Structure formats: structure tokens, C-alpha cells
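Participant: Generate coordinates for the entire structure from the input sequences, incorporating the hints supplied.
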Amino acid sequence: MQKMTSKERMLVAINLGEPDIMPVAPYIGSWYAPKLCGLQISEYTLGSNKKRAQILLEAQRRYGYDWIMAGSGHPHDWKDNIEIKDAGNFYLVIDRTNGTKKKYPKDDVPHTPFQNLAFEEIEKMEIQDHADILRSGVLEQVEIISRKAGKDVLVVGQTTCPWSKARRLTGLIEWFKALYTSPELPKKAMDYALKANLEYAKALIEAGVEALFIEEGSVGADSIPPEFYEKFAFPYEYAFIKELKKMGVPVILSVTGNIMPILNKLLETNVDALHFEESKKGFEIPIFEIRKRLRGKKCFFAPFDAVNLLRTGSKEAIEKAVKKIIKIGKGGGVVLSTGSPVLKDVPLANFETMIKSARRYAQLDTQHTIGS
Numbered sequence: 000m001q002k003m004t005s006k007e008r009m010l011v012a013i014n015l016g017e018p019d020i021m022p023v024a025p026y027i028g029s030w031y032a033p034k035l036c037g038l039q040i041s042e043y044t045l046g047s048n049k050k051r052a053q054i055l056l057e058a059q060r061r062y063g064y065d066w067i068m069a070g071s072g073h074p075h076d077w078k079d080n081i082e083i084k085d086a087g088n089f090y091l092v093i094d095r096t097n098g099t100k101k102k103y104p105k106d107d108v109p110h111t112p113f114q115n116l117a118f119e120e121i122e123k124m125e126i127q128d129h130a131d132i133l134r135s136g137v138l139e140q141v142e143i144i145s146r147k148a149g150k151d152v153l154v155v156g157q158t159t160c161p162w163s164k165a166r167r168l169t170g171l172i173e174w175f176k177a178l179y180t181s182p183e184l185p186k187k188a189m190d191y192a193l194k195a196n197l198e199y200a201k202a203l204i205e206a207g208v209e210a211l212f213i214e215e216g217s218v219g220a221d222s223i224p225p226e227f228y229e230k231f232a233f234p235y236e237y238a239f240i241k242e243l244k245k246m247g248v249p250v251i252l253s254v255t256g257n258i259m260p261i262l263n264k265l266l267e268t269n270v271d272a273l274h275f276e277e278s279k280k281g282f283e284i285p286i287f288e289i290r291k292r293l294r295g296k297k298c299f300f301a302p303f304d305a306v307n308l309l310r311t312g313s314k315e316a317i318e319k320a321v322k323k324i325i326k327i328g329k330g331g332g333v334v335l336s337t338g339s340p341v342l343k344d345v346p347l348a349n350f351e352t353m354i355k356s357a358r359r360y361a362q363l364d365t366q367h368t369i370g371s
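Numbering-wise, numbering that gives the first Met the number 0 puts 95 at position 96 of the sequence shown, and it's gapless, one number per residue.
Rather than coming from a laboratory, the hints here were simulated on the basis of the structure. Just so it is clear, the structure is predicted and the values come from calculations on it, not from any experiment. Backbone N, C-alpha and C define an ideal beta-carbon position, used for all residues, glycine too. Check the hints yourself; a few may be wrong.
[Stated by the list, open to error] Within a straight-line C-alpha distance of at most 30 Å, the following computed DSS-like cross-link-like pairs (lysine-lysine) qualify:
(1) 343 / 355
(2) 326 / 343
(3) 150 / 101
(4) 326 / 101
[Unchecked claim] Computed beta-carbon distance windows for the label pairs:
(5) 315 / 122: 51 to 59 Å
(6) 60 / 260: 36 to 44 Å
(7) 98 / 294: 49 to 57 Å
(8) 98 / 122: 40 to 48 Å
(9) 190 / 131: 13 to 21 Å
(10) 134 / 343: 27 to 35 Å
(11) 294 / 117: 39 to 47 Å
(12) 16 / 98: 49 to 57 Å
(13) 229 / 131: 28 to 36 Å
(14) 63 / 146: 29 to 37 Å
(15) 319 / 226: 36 to 44 Å
(16) 282 / 111: 20 to 28 Å
Facilitator: Encoded structure:
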């Protein structure tokens with residue numbers, strides 16, 4: 000088989016085909032891309048949109064994985080409206096327009112708490128049009144990455160499902176209380192989130208992304224009963240994905256938590272691919288069983304353990320886990336991913352072992368010489 004570009008490899012797998020070798024698509028963002036470039040995280044988080052794009056591009060170039068999660072950046076006038084003070088281990092960023100202050104650790108991501116808005120406030124919020132989103136500049140880094148790498152690498156845009164966006168607006172305690180006492184309020188909040196995130200997705204596609212990675216949190220059986228997922232989250236998830244599919248790019252649904260009791264419902268969505276966490280927090284994500292149930296229906300972003308194995312595992316253990324994922328990929332429709340974002344404390348040597356092992360053993364697998 001002729002060698003494919005990273006982009007071709009990803010798209011073939013997402014469309015359930017068998018590429019030249021298994022694609023590798025780790026969850027790389029602000030937590031780890033700077034480290035891959037020998038930088039502190041604040042050089043990304045406080046960097047210009049051009050600098051942020053350069054970091055994501057350089058990280059992919061150095062390590063050769065098959066996609067770039069393009070993220071989002073700052074509004075055009077952001078630097079004009081802030082003051083940055085060096086406070087030792089962190090930078091204090093002061094918004095001159097309203098006086099608010101936020102800490103940006105020098106080598107960690109800043110904490111972004113839930114907003115704790117009242118449901119009544121959400122109903123009154125305006126929905127930003129996709130053209131306004133683009134004009135604001137927050138997707139400038141996406142545009143840069145798409146121009147520079149989009150020919151050969153799959154550039155992916157990220158957003159959330161309505162449930163996930165709405166719960167972040169209210170905070171988890173008020174969100175779950177309302178589900179029991181006033182379920183019409185969360186539904187109205189998800190109506191807003193659905194419309195807002197569709198506009199954001201349109202903006203991402205106009206900025207140049209060629210696939211969408213949509214995240215859904217707190218819907219696994221470790222967070223809510225499966226019947227709650229089916230009654231509240233799923234209808235909005237389904238409607239959101241239905242509209243996204245009309246935009247003409249592949250859709251990857253990432254769901255956290257114990258997904259096994261809701262896997263059949265997830266299969267009812269019209270997504271092209273499913274991504275899950277690794278086994279943790281007392282639940283198991285059995286990749287062999289999931290692969291069996293997804294085969295021929297959805298592409299499977301098989302989750303390499305980024306929480307434990309990638310952080311503390313030996314070279315031999317990492318290679319063994321890579322082989323396991325490559326073996327389930329026979330016949331196509333599988334991407335080697337990481338279950339969680341790769342965090343700053345993952346040793347570079349371990350990350351490199353995962354990437355190089357995936358390339359090496361995928362090549363051997365095409366020659367039918369891979370060992371156990």
C-alpha cells in the first residue's frame with residue numbers, strides 16, 4: 000500500500016477503512032504541547048495567537064502524530080485590555096476593563112471554574128453569531144494552523160455537547176439539583192447551549208478545521224443513572240450531532256466516565272467516531288469488547304492510558320499496551336489515541352516511546368510479523 004499523509008490516514012480510519020498504518024492521535028493541548036517544544040505552559044497560555052499556533056505546529060512536527068487539536072485563542076484586543084504582573088510562580092493578569100484578576104501559573108494551566116450562573120440568566124444570554132466569533136480573533140490560531148498544516152495533517156476543532164456546556168454555566172450542584180426539582184430549567188439551558196455551540200462549530204469549520212471533536216462529560220454511569228442520560232443529555236446530544244453532520248466534516252464524540260451502560264445509546268448517534276477515557280476511577284473501559292461492538296459501525300479512538308501508564312510505566316509496559324491496541328485495529332476503523340489529555344508530568348521519553356512503538360509495530364503488523 001502506498002504511504003499516506005497523516006490527514007489521509009486519519010480520514011481513512013474515521014471512515015472505517017484500513018490505512019497504510021494505524022493513525023496516532025494523542026490528546027495534546029496546552030497541558031503538553033509546550034513541553035514537547037521545551038517551553039513553559041505560560042508561554043502558550045499567555046502567548047499571542049500566532050505563538051500558540053506555532054507551538055501546536057512545532058509539537059506535531061517534532062513527534063509526527065497524525066492530527067492537531069487546534070484549540071482556540073485570544074480576542075484581537077486581548078493584550079490591549081490586560082496588565083500582566085510577575086508574581087513569582089505565576090503571572091497575575093488584570094483585566095483593565097472590569098478589574099478582574101486571574102492567576103496564570105508559569106508552568107501549568109490556569110484554573111477555569113464553573114460559572115455558577117442562575118438558570119434565568121442563561122435564558123437571557125445572547126448567542127454569538129459564527130461570523131462574530133471569527134471577527135473576534137479567538138480562532139486566529141485555528142486559521143494559522145489550517146493554512147500551514149491542513150494539507151497534510153488533520154486539523155481538528157473542539158467544542159462541547161449541550162449538556163456539557165450548560166452544566167459548566169450553572170455549576171454541578173445547581174445543575175443536578177435542578178434535574179430533580181425543576182427539569183425544565185436544565186432543558187432551557189441546553190436549548191441555549193445547543194444553538195450557541197452550533198454557531199461555534201460553524202466558525203471552526205470556516206476557520207479551516209476538517210473534523211470536529213465534541214466532548215461530553217458527567218454522563219457516564221459513574222456520574223448519573225443511565226436513565227438520566229437517556230432522558231436529559233442524549234436528546235440534545237443527538238440533535239446537536241445531527242446538525243453538525245450537515246456541515247460536511249467528520250464528527251468525533253468524546254465521552255468521559257463509565258460509558259458501558261450507555262454504549263448502545265451512543266451507537267445511535269450519527270457520529271463517525273467514538274473516543275473514551277481509559278479505565279480509571281473504579282470503572283473499566285474494555286477495549287476488546289468495545290471494538291467488537293463498534294466494528295463496522297463507528298471508528299474507535301482506542302484509549303491508551305495517559306493517566307497511569309504513560310506517566311509512570313516502563314518502556315516495555317508502554318510497548319505492550321501499544322501492541323494491544325494495534326492488534327484490535329485489524330480491518331481498519333481504529334485510531335490509537337489517549338484516553339485523557341496528556342499532562343505536563345508525562346516524561347518525554349515515555350511519550351516518544353508510545354509514538355515510536357505505534358509506528359514500528361503498526362509497520363510490522365502490515366507485514367504480519369508483530370509479536371505478542
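Participant: Range hint 40 to 48 Å: satisfied by the CB atoms of residue 98 and residue 122?
Facilitator: 27 Å, violated
Participant: Is 36 to 44 Å right for how far apart the beta carbons of residue 60 and residue 260 are?
Facilitator: Check passed, 41 Å falls within 36 to 44 Å.
Participant: Are the Cα positions of residue 150 and residue 101 separated by 30 Å at most?
Facilitator: Violated: residue 150 and residue 101 sit about 37 Å apart, past 30 Å.
Participant: Would you say the C-beta atoms of residue 294 and residue 117 sit inside 39 to 47 Å of each other?
Facilitator: Since the Cβ atoms of residue 294 and residue 117 sit about 46 Å apart, the hinted range of 39 to 47 Å holds.
Participant: Per the hint of 29 to 37 Å, is the separation of the Cβ atoms of residue 63 and residue 146 within bounds?
Facilitator: Once the Cβ atoms are compared, 20 Å apart, the range 29 to 37 Å for residue 146 and residue 63 is violated.
Participant: For the hint 36 to 44 Å, verify it against the beta carbon of residue 319 and that of residue 226.
Facilitator: 38 Å, holds
Participant: Check whether the Cα positions of residue 343 and residue 355 lie no farther apart than 30 Å.
Facilitator: 19 Å, holds
Participant: Do residue 98 and residue 294 keep their Cβ atoms within the hinted range of 49 to 57 Å?
Facilitator: 56 Å, holds
Participant: Next pair to validate is residue 326 with residue 101; report whether the Cα-Cα distance is within 30 Å.
Facilitator: 46 Å, violated
Participant: Is the Cα-Cα distance between residue 326 and residue 343 30 Å or less?
Facilitator: 29 Å, holds
Participant: For the range 20 to 28 Å, tell me whether the beta carbons of residue 282 and residue 111 fit it or not.
Facilitator: Holds: the Cβ-Cβ distance is about 26 Å, inside 20 to 28 Å.
Participant: Given the hint of 13 to 21 Å, check if residue 190 and residue 131 actually sit that far apart at their C-beta atoms.
Facilitator: Once the Cβ atoms are compared, 20 Å apart, the range 13 to 21 Å for residue 131 and residue 190 holds.
When each numbered hint is compared with the structure, violations occur for hints 3, 4, 8 and 14.
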